[in-house]
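J.: Take the sequences, apply the hints, and build the full model.
Residue-level listing of the chains:
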Amino acid sequence: MSNQPGIFANAVNLNVGGAAQASAASEDARTTSGDDAVHDVVIVGSGPAGYTAAIYTARANLKPVVLAGSVTAGGELMNTTDVENYPGFIDGIMGPDLMNNMQQQAERFGADIRYEDVVSVELDGEIKTVTVEDGTVLRARAVIISTGSEYRKLGLEDEERLSGHGVSWCATCDGFFFKKQNIAVVGGGDSAIEEATFLTKFADKVTLIHRRDRFRASEIMQQRAFDDPKIEILWNTKVTGIQGADKVESLALEDTVTGETSELAVTGVFVAIGSDPRVGLVKDQLELTVDNTIAVDGRSSTTSLPGVFAAGDVVDATYRQAITAAGSGCIAAVDVEHYLAALDS
Amino acid sequence: MSSAKDVTDANFKAEVLENSKPTIVDFWAEWCGPCRQLGPVLDAIAAEHADHVDVVKVNVDDNPAIASQYGITSIPAVYLFANGEVAKTSIGAKPKSALEKEFGEYLNPSA
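Which chain is which? The protein sequence lines are A and B, in order.
The first sequence runs 1 to 345 under this note's numbering.
The second sequence runs 1001 to 1111 under this note's numbering.
Wrong hints could be hidden among the right ones.
Pair ranges (Cβ atoms, derived) [what the hints assert, rightly or not]:
#1 B:Pro-1109 - A:Ala-295: 45 to 51 Å
#2 A:Ser-304 - B:Asp-1006: 47 to 53 Å
#3 A:Gly-274 - B:Asp-1061: 26 to 32 Å
#4 B:Gly-1104 - A:Arg-216: 41 to 47 Å
#5 A:Asp-91 - B:Asp-1009: 34 to 40 Å
#6 A:Asn-292 - B:Gly-1084: 43 to 49 Å
#7 B:Ala-1087 - A:Arg-216: 41 to 47 Å
#8 B:Ser-1110 - A:Ala-295: 44 to 50 Å
#9 B:Ala-1047 - A:Gly-280: 28 to 34 Å
Restricting the straight-line Cα-Cα distance to at most 27 Å, the calculated cross-link-like pairs of lysine-lysine (DSSO-like) are [unchecked claim]:
#10 A:Lys-180 - A:Lys-238
#11 B:Lys-1013 - A:Lys-179
#12 A:Lys-180 - A:Lys-201
#13 A:Lys-238 - A:Lys-205
#14 A:Lys-201 - A:Lys-230
#15 A:Lys-153 - B:Lys-1101
#16 B:Lys-1088 - A:Lys-153
#17 A:Lys-238 - A:Lys-179
#18 B:Lys-1088 - B:Lys-1005
#19 B:Lys-1021 - B:Lys-1005
#20 A:Lys-247 - A:Lys-205
#21 A:Lys-179 - A:Lys-201
#22 A:Lys-230 - A:Lys-179
#23 B:Lys-1096 - A:Lys-283
#24 B:Lys-1088 - A:Lys-247
#25 A:Lys-230 - A:Lys-180
#26 A:Lys-247 - B:Lys-1013
#27 A:Lys-283 - B:Lys-1101
#28 B:Lys-1101 - A:Lys-247
#29 B:Lys-1021 - B:Lys-1096
#30 B:Lys-1005 - B:Lys-1096
#31 A:Lys-230 - A:Lys-247
#32 A:Lys-153 - B:Lys-1096
#33 B:Lys-1013 - B:Lys-1088
#34 B:Lys-1101 - B:Lys-1005
#35 A:Lys-205 - A:Lys-180
#36 A:Lys-153 - A:Lys-230
Chain A is nowhere near these chain B residues, computed Cβ spacing over 10 Å in every case [said to hold, decoys possible]:
#37 Lys-1013
#38 Leu-1017
#39 Asn-1019
#40 Lys-1021
Treat the hints as calculated values from the structure; they're not laboratory data.
The structure displayed is predicted, hence computed values, not measured ones.
For glycine and all other residues, C-beta sits at the position ideal for the given N, C-alpha and C.
T.: Pasting the structure below:
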């Protein structure tokens, strides 16, 4: 996914609680944009976790509202190409196709998918509120948080300045601009190797820079990198600087074992060093783990607040696969079903 | 993707650089997922701020010269041109409110 750290950062505090909505509505036209119903469940996020939760809750006749995001709908898989490890697709499937299928599957059972960004949530109390960017306040008895994760940055001084001028987070978007050039990919997981392999379609040479002496990536992905004549691997190496006046010209490198420094001339650098759970919306209301994921009870999706459930990468510091996110979305949906049934009985 | 007018290498100068109105240019391509998601957001901005800015799009696949001239290596890239110069840039697919903030002085010049 392209780098969108600001998505949930620009929160506007409308200070509208569920009970206060009617009176507040007459004072502030922004809150009147008509969603008076109390929904059974609102799902925030639309990756494999959010859409799977939508499929299950829709089939349970809970009429889920999915707040899919204006530019992030479909989540991280929208920026990938072949997904080869999602069960059921013999020859693999393109990430965007998989997500479009999930979306349509959820809609087939009546999920109400809205391409809007959530700016704030109030998760305490029996009726939760979720405020979207145009000021509409949705009320719900249960909320599923499946906001996924966002790309980690290198944290280097010139990274932001040269972003869009050689520094990239999206190989499928930007590989085209590096035809017949020498570029670098930073990272050692599946996504780093997938990007490096993909980028060899365009670049003359791809240097894969990893700070350890082995990859975290799956064996089959590693072998692809080892076998590719266009990929060179720099082990035990970290990037300490990105250099260039108005576009990337070189990277400053440091050997993590010897401390020796060097320079690598490249015109582009793709950052694939992992991602962090996107907890900005909820971090002051829900308990988090030491990994900064939302804390859930055991194998369930139950968070520290009743009626609030969490699923997908935002609860997962370990597995973070499309299929585990989808499974986690299913768990959240079933938990919501049980929660609402218990309330009603 | 955006329903904005297509601008090419051939007419970029006339449509953008010589436009008397500030012009937002959406650099995009078919194979760029985030570009497709950004399109409707830019359409909404175009509709709401038609008095003050024009919004056009450049397909970088078909028009490599312009993208290369401005050193674009990431898309979607949203560039705002005023008086023939790049005045503001924004990289990546961002929600409407974020873009309205970044380009605010041109979208609402009197505000």
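J.: Just pull the numbers of the violated hints for me, sorted ascending.
T.: Violated: none.
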